[in-house]
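This is what each chain is made of:
Protein chains: 2
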Amino acid sequence: MKYSPHIDALIEQLQILPGVGPRSAQRMAFSLLQAERASGQKLATRIESAMTHVGHCSVCRNYAEGELCGICSNPKRQVSEQICVVESPADVAAIESTAQFKGRYFVLMGHLSPLDGLGPKEIGLDKLETMLKSQAVSELILATNPTVEGEATAFYIADIAKDLAIKVSRIAHGVPLGGELDSVDGTTLSHSFIGRQSVD
Amino acid sequence: MKYSPHIDALIEQLQILPGVGPRSAQRMAFSLLQAERASGQKLATRIESAMTHVGHCSVCRNYAEGELCGICSNPKRQVSEQICVVESPADVAAIESTAQFKGRYFVLMGHLSPLDGLGPKEIGLDKLETMLKSQAVSELILATNPTVEGEATAFYIADIAKDLAIKVSRIAHGVPLGGELDSVDGTTLSHSFIGRQSVD
Ligand SMILES: [Zn+2]
Ligand SMILES: [Zn+2]
Chain A
1 MKYSPHIDAL IEQLQILPGV GPRSAQRMAF SLLQAERASG QKLATRIESA
51 MTHVGHCSVC RNYAEGELCG ICSNPKRQVS EQICVVESPA DVAAIESTAQ
101 FKGRYFVLMG HLSPLDGLGP KEIGLDKLET MLKSQAVSEL ILATNPTVEG
151 EATAFYIADI AKDLAIKVSR IAHGVPLGGE LDSVDGTTLS HSFIGRQSVD
Chain B
201 MKYSPHIDAL IEQLQILPGV GPRSAQRMAF SLLQAERASG QKLATRIESA
251 MTHVGHCSVC RNYAEGELCG ICSNPKRQVS EQICVVESPA DVAAIESTAQ
301 FKGRYFVLMG HLSPLDGLGP KEIGLDKLET MLKSQAVSEL ILATNPTVEG
351 EATAFYIADI AKDLAIKVSR IAHGVPLGGE LDSVDGTTLS HSFIGRQSVD
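Chains as they are written, first to last, in my numbering: chain A, 1 to 200; chain B, 201 to 400.
Just so you know, these hints were derived from the structure itself, not from any lab.
Quantities reported herein were computed from a predicted structural model and do not represent experimental measurements.
We put the beta carbon where it would ideally sit given N, CA and C, even for glycine.
Treat the hints loosely; a few may be bogus.
The calculated EDC-like cross-link candidates involving lysine to aspartate or glutamate, where the alpha carbons are at most 20 Å apart (straight line), are [what the hints assert, rightly or not]:
| no. | chain 1 | residue 1 | chain 2 | residue 2 |
| --- | --- | --- | --- | --- |
| 1 | B | Lys-202 | A | Asp-91 |
| 2 | A | Lys-133 | A | Glu-96 |
| 3 | B | Lys-367 | B | Asp-326 |
| 4 | B | Lys-202 | A | Glu-96 |
| 5 | A | Lys-167 | A | Glu-65 |
| 6 | B | Lys-202 | A | Glu-65 |
| 7 | B | Lys-362 | B | Glu-267 |
| 8 | A | Lys-2 | B | Glu-267 |
Every beta carbon over 10 Å from chain B, so not counted as near; a handful from chain A, in silico [claimed, not checked]:
| no. | residue |
| --- | --- |
| 9 | Met-28 |
| 10 | Arg-46 |
| 11 | Glu-48 |
| 12 | Val-59 |
| 13 | Ile-95 |
| 14 | Leu-132 |
| 15 | Asn-145 |
| 16 | Tyr-156 |
| 17 | Ser-169 |
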């Protein structure tokens with residue numbers, strides 16, 4: 001025992017949070033104890049509520065608090081024939097914040113990773129395939145991450161869509177706007193060349 | 201609403217934790233949702249328990265789950281006539297881990313900071329003075345931080361103890377072991393000179 005049973009237990013469990021080691025867990029525990037207790041109690045309640053009430057949308061697999069997520073329950077989005085495939089709910093939020101896309105999403109909640117036991121079924125590709133076969137889909141936009149796993153996942157999904165004669169596209173990768181050429185890694189820069197577009 | 205009501209509320213409240221901004225709060229929320237729900241529920245329970253059961257030791261002001269902390273309830277420590285004054289429970293743990301000190305502590309839970317409304321009473325100095333007057337104390341060791349506020353607090357407490365003719369000492373400050381002279385700031389280095397000890 002380092003402090004007292006409840007403090008030690010709290011410090012231990014705070015370390016399930018990403019990026020939190022023993023030292024920052026200790027700092028967090030003391031900060032919670034030193035502030036108004038009501039504020040820490042509110043945090044406990046909100047964690048508990050999220051754990052209990054947040055599930056997955058039955059259509060797109062995004063986080064949802066009922067049967068459907070906010071996007072899938074929107075009649076304007078329901079009629080869209082564009083589906084954008086992303087790895088995570090955070091990606092949905094990032095794309096929504098651009099206000100560029102008015103279609104629907106399909107959230108893989110990960111990417112293909114056979115070594116971790118994540119095959120096509122684990123990332124919902126059976127469900128996606130059923131959707132592509134049974135609904136009118138004019139374009140499937142692949143917005144998985146530009147990582148080895150994200151690219152492999154995109155290729156796998158592209159094959160499914162092509163077999164069903166559905167148009168597939170991949171979001172563009174390249175030098176970020178405002179970025180400088182010499183601060184971008186070589187792989188990104190070569191993607192940026194391969195994906196060059198005519199300016200005339 | 202960015203995600204869903206419960207997720208947004210969780211992301212907001214996670215930001216009461218020190219060093220946690222919107223982006224890391226979001227990452228933490230998603231990590232909790234993606235892992236086993238039981239693990240997040242356990243975190244909620246442990247926060248709630250700590251908020252409810254952790255109070256302050258009636259003797260030394262350290263965190264405690266009953267009337268007395270683990271140190272003050274230890275008969276061997278109770279008879280010690282040395283009291284070490286520190287700013288925080290984390291300082292107690294740091295000193296305990298050195299196994300150098302077998303006396304008692306007094307935890308200020310802060311330092312004098314008039315601008316923040318922290319005067320002698322707020323950091324428990326009335327209680328400390330009563331203790332010094334009513335108990336046998338052979339030495340008061342001041343282990344507040346070597347910051348402007350910590351030094352000012354140490355001076356203030358030293359005055360109280362001197363009025364009561366109690367021996368007062370201050371922990372040594374200087375170049376950390378394993379540190380290099382030229383990587384230590386000037387104030388530390390001058391402390392290190394002022395506090396030099398004869399080696400004969
Ligand atoms: Zn949905
Ligand atoms: Zn105590």
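These are the hints, each one checked on the structure:
1. B:Lys-202 <-> A:Asp-91: 12 Å, holds
2. A:Lys-133 <-> A:Glu-96: Answer violated: Lys-133 of chain A to Glu-96 of chain A is near 26 Å, above 20 Å.
3. B:Lys-367 <-> B:Asp-326: Status holds; Cα separation ~19 Å.
4. B:Lys-202 <-> A:Glu-96: Holds - the C-alpha atoms of Glu-96 of chain A and Lys-202 of chain B are around 9 Å apart, at most 20 Å.
5. A:Lys-167 <-> A:Glu-65: Given that 20 Å is the threshold and the Cα spacing comes to 32 Å, the pair is violated.
6. B:Lys-202 <-> A:Glu-65: 13 Å, holds
7. B:Lys-362 <-> B:Glu-267: 30 Å, violated
8. A:Lys-2 <-> B:Glu-267: 18 Å, holds
9. Met-28: 5 Å, violated
10. Arg-46: 5 Å, violated
11. Glu-48: Given a closest Cβ separation of 4 Å, the condition is violated.
12. Val-59: 15 Å, holds
13. Ile-95: About 12 Å separates Ile-95 of chain A from the closest Cβ of chain B, which puts it past 10 Å; holds.
14. Leu-132: Holds: least Cβ distance 26 Å, greater than 10 Å.
15. Asn-145: 15 Å, holds
16. Tyr-156: The claim holds: Tyr-156 of chain A sits with its nearest Cβ about 21 Å from chain B, beyond 10 Å.
17. Ser-169: The claim holds: Ser-169 of chain A sits with its nearest Cβ about 26 Å from chain B, beyond 10 Å.
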